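Enquirer: Listed below, chain by chain, are the residues.
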Amino acid sequence: MIPHGGTEGSVDQETAAIDFIQARFPTAVLAVAESSGQKWIEVARDQIVPVLTALRDEQGWDMLMDLTAVDYLGMETPERFQMVYQLYSLARNSYFRVKCWVPESDPTVDTLTHVWKAAPWAEREVWDMYGIRFNGNNDLRRILTPFSYEGHPLRKDYPLQGRGERNQFPRYEK
Amino acid sequence: MGLENWSPEGALTTRVEELLNWGRANSLWPMPFGVACCAIEMMGTLSSRYDLSRFGAEAIRFSPRQSDLMIVSGRISLKMLPVLQKIWEQMPEPKWCISMGACASCGGIFDTYAMIQGIDRFVPVDVYIPGCPPRPESLIDAVIKIQELVKLERLDSHA
Numbered sequence: 001m002i003p004h005g006g007t008e009g010s011v012d013q014e015t016a017a018i019d020f021i022q023a024r025f026p027t028a029v030l031a032v033a034e035s036s037g038q039k040w041i042e043v044a045r046d047q048i049v050p051v052l053t054a055l056r057d058e059q060g061w062d063m064l065m066d067l068t069a070v071d072y073l074g075m076e077t078p079e080r081f082q083m084v085y086q087l088y089s090l091a092r093n094s095y096f097r098v099k100c101w102v103p104e105s106d107p108t109v110d111t112l113t114h115v116w117k118a119a120p121w122a123e124r125e126v127w128d129m130y131g132i133r134f135n136g137n138n139d140l141r142r143i144l145t146p147f148s149y150e151g152h153p154l155r156k157d158y159p160l161q162g163r164g165e166r167n168q169f170p171r172y173e174k
Numbered sequence: 175m176g177l178e179n180w181s182p183e184g185a186l187t188t189r190v191e192e193l194l195n196w197g198r199a200n201s202l203w204p205m206p207f208g209v210a211c212c213a214i215e216m217m218g219t220l221s222s223r224y225d226l227s228r229f230g231a232e233a234i235r236f237s238p239r240q241s242d243l244m245i246v247s248g249r250i251s252l253k254m255l256p257v258l259q260k261i262w263e264q265m266p267e268p269k270w271c272i273s274m275g276a277c278a279s280c281g282g283i284f285d286t287y288a289m290i291q292g293i294d295r296f297v298p299v300d301v302y303i304p305g306c307p308p309r310p311e312s313l314i315d316a317v318i319k320i321q322e323l324v325k326l327e328r329l330d331s332h333a
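Quick note, the sequences are listed as chains S and Y, same order. Residue 1 is where the first sequence starts when you use this note's numbering, and the numbers rise one by one after that. Residue 175 is where the second sequence starts when you use this note's numbering, and the numbers rise one by one after that.
Source of the hints: derived by calculation from the structure; they are not laboratory data. These numbers come from a predicted model, not from an experiment. Backbone N, C-alpha and C define an ideal beta-carbon position, used for all residues, glycine too. A few of these clues could be false.
Stated by the list, open to error - If you want a taste of the chain S side facing chain Y, the calculated C-beta under 8 Å gives, among others:
id, residue
1, Glu-125
2, Gly-162
3, Phe-169
4, Lys-174
Unchecked claim - Here are the simulated DSSO-like pairs of lysine-lysine, each with C-alpha atoms no more than 30 Å apart in a straight line:
id, chain 1, residue 1, chain 2, residue 2
5, Y, Lys-260, S, Lys-174
6, Y, Lys-253, S, Lys-174
7, S, Lys-156, Y, Lys-253
8, S, Lys-174, S, Lys-117
9, Y, Lys-253, S, Lys-117
10, Y, Lys-269, Y, Lys-319
11, Y, Lys-269, Y, Lys-325
12, Y, Lys-260, Y, Lys-319
13, Y, Lys-260, S, Lys-117
14, Y, Lys-319, S, Lys-174
15, S, Lys-156, Y, Lys-319
16, S, Lys-117, S, Lys-99
Produce the entire structure from the sequences given, and follow the hints as far as they go.
Expert: Structure below.
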């Protein structure tokens, strides 16, 4: 049986990836955790690009499936924001997740623009929705909201119904 | 047509307004502003089973400059409203607007920062259709109501 999201051996491959990072970047690993039968690794923010590049070039995690963020506002976490990188190995049909914490006081991460061509637009979305900047991404325009939009609506302290921007349009009469 | 028996002189008298409105009402050219699931019902209404051409409104134009009835079918987001307004501006007078479904009429279930809470706040709407999505019969009913509005037009309405 092939469960959704990977082959039967995917836990072994996650373990191999974690062992690789721990051996190669011993100071970068902050935590290793497991949930629902999936393992992931938390690495230091300044090491995220070397770690992901090594995983791609030396371990065959060749596809960046997704790059997104989570806002843990008001929760007992090391920092407010967390970046989540979801990798995929085409050859092994297997997934691996790498995370890093991003502080609210300095919401910046190094860009993956030069590592995966899939990264720039995903980083634009994270910038648009969470206000996390990506050092080295020269095209950090908004991607979902209008260019004139102010604020980052997926932050948990952003009001659900907005700040009145949905009412600020000219009115056409009959 | 049998009219020759009814009018032996071969002539009918009417008012210019009546004649224009009769023509307009039975030859509406819709601009389909289809942005969500309501648009699927709109396509169903236009297709053979419900056949909107029975009411003279089958000439769908994707150019606003050739149409006189805008059917807004779907939720309008913050980013889409300027497009909607530009298309409405480009439609020549006289023109009418149907707000099809809950989202276009009041935002529907999407009471968020990104969603317009009813297009009638920013463009004039003539007929609203309730439903999520409305059935094709509802859209046909709305077109018939638009036809009734068209027949009320006066020559100096847009002077």
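Enquirer: Could you run down the list of hints and mark each one as holding or not?
Expert: How the hints compare with the structure:
1. Glu-125: 14 Å, violated
2. Gly-162: Constraint on Gly-162(S) satisfied, holds at 3 Å.
3. Phe-169: 5 Å, holds
4. Lys-174: With Cβ-Cβ at 4 Å, under 8 Å, it holds.
5. Lys-260(Y) <-> Lys-174(S): Holds, at about 15 Å.
6. Lys-253(Y) <-> Lys-174(S): Answer holds: Lys-253(Y) to Lys-174(S) is near 23 Å, not above 30 Å.
7. Lys-156(S) <-> Lys-253(Y): 22 Å, holds
8. Lys-174(S) <-> Lys-117(S): 48 Å, violated
9. Lys-253(Y) <-> Lys-117(S): Distance of about 26 Å is within 30 Å: holds.
10. Lys-269(Y) <-> Lys-319(Y): The given pair, whose Cα atoms are some 14 Å apart, holds under the 30 Å limit.
11. Lys-269(Y) <-> Lys-325(Y): 13 Å, holds
12. Lys-260(Y) <-> Lys-319(Y): Satisfied, since the Cα-Cα distance of roughly 25 Å is no more than 30 Å.
13. Lys-260(Y) <-> Lys-117(S): 34 Å, violated
14. Lys-319(Y) <-> Lys-174(S): OK: Lys-319(Y) and Lys-174(S) at ~17 Å, within 30 Å.
15. Lys-156(S) <-> Lys-319(Y): 45 Å, violated
16. Lys-117(S) <-> Lys-99(S): 19 Å, holds
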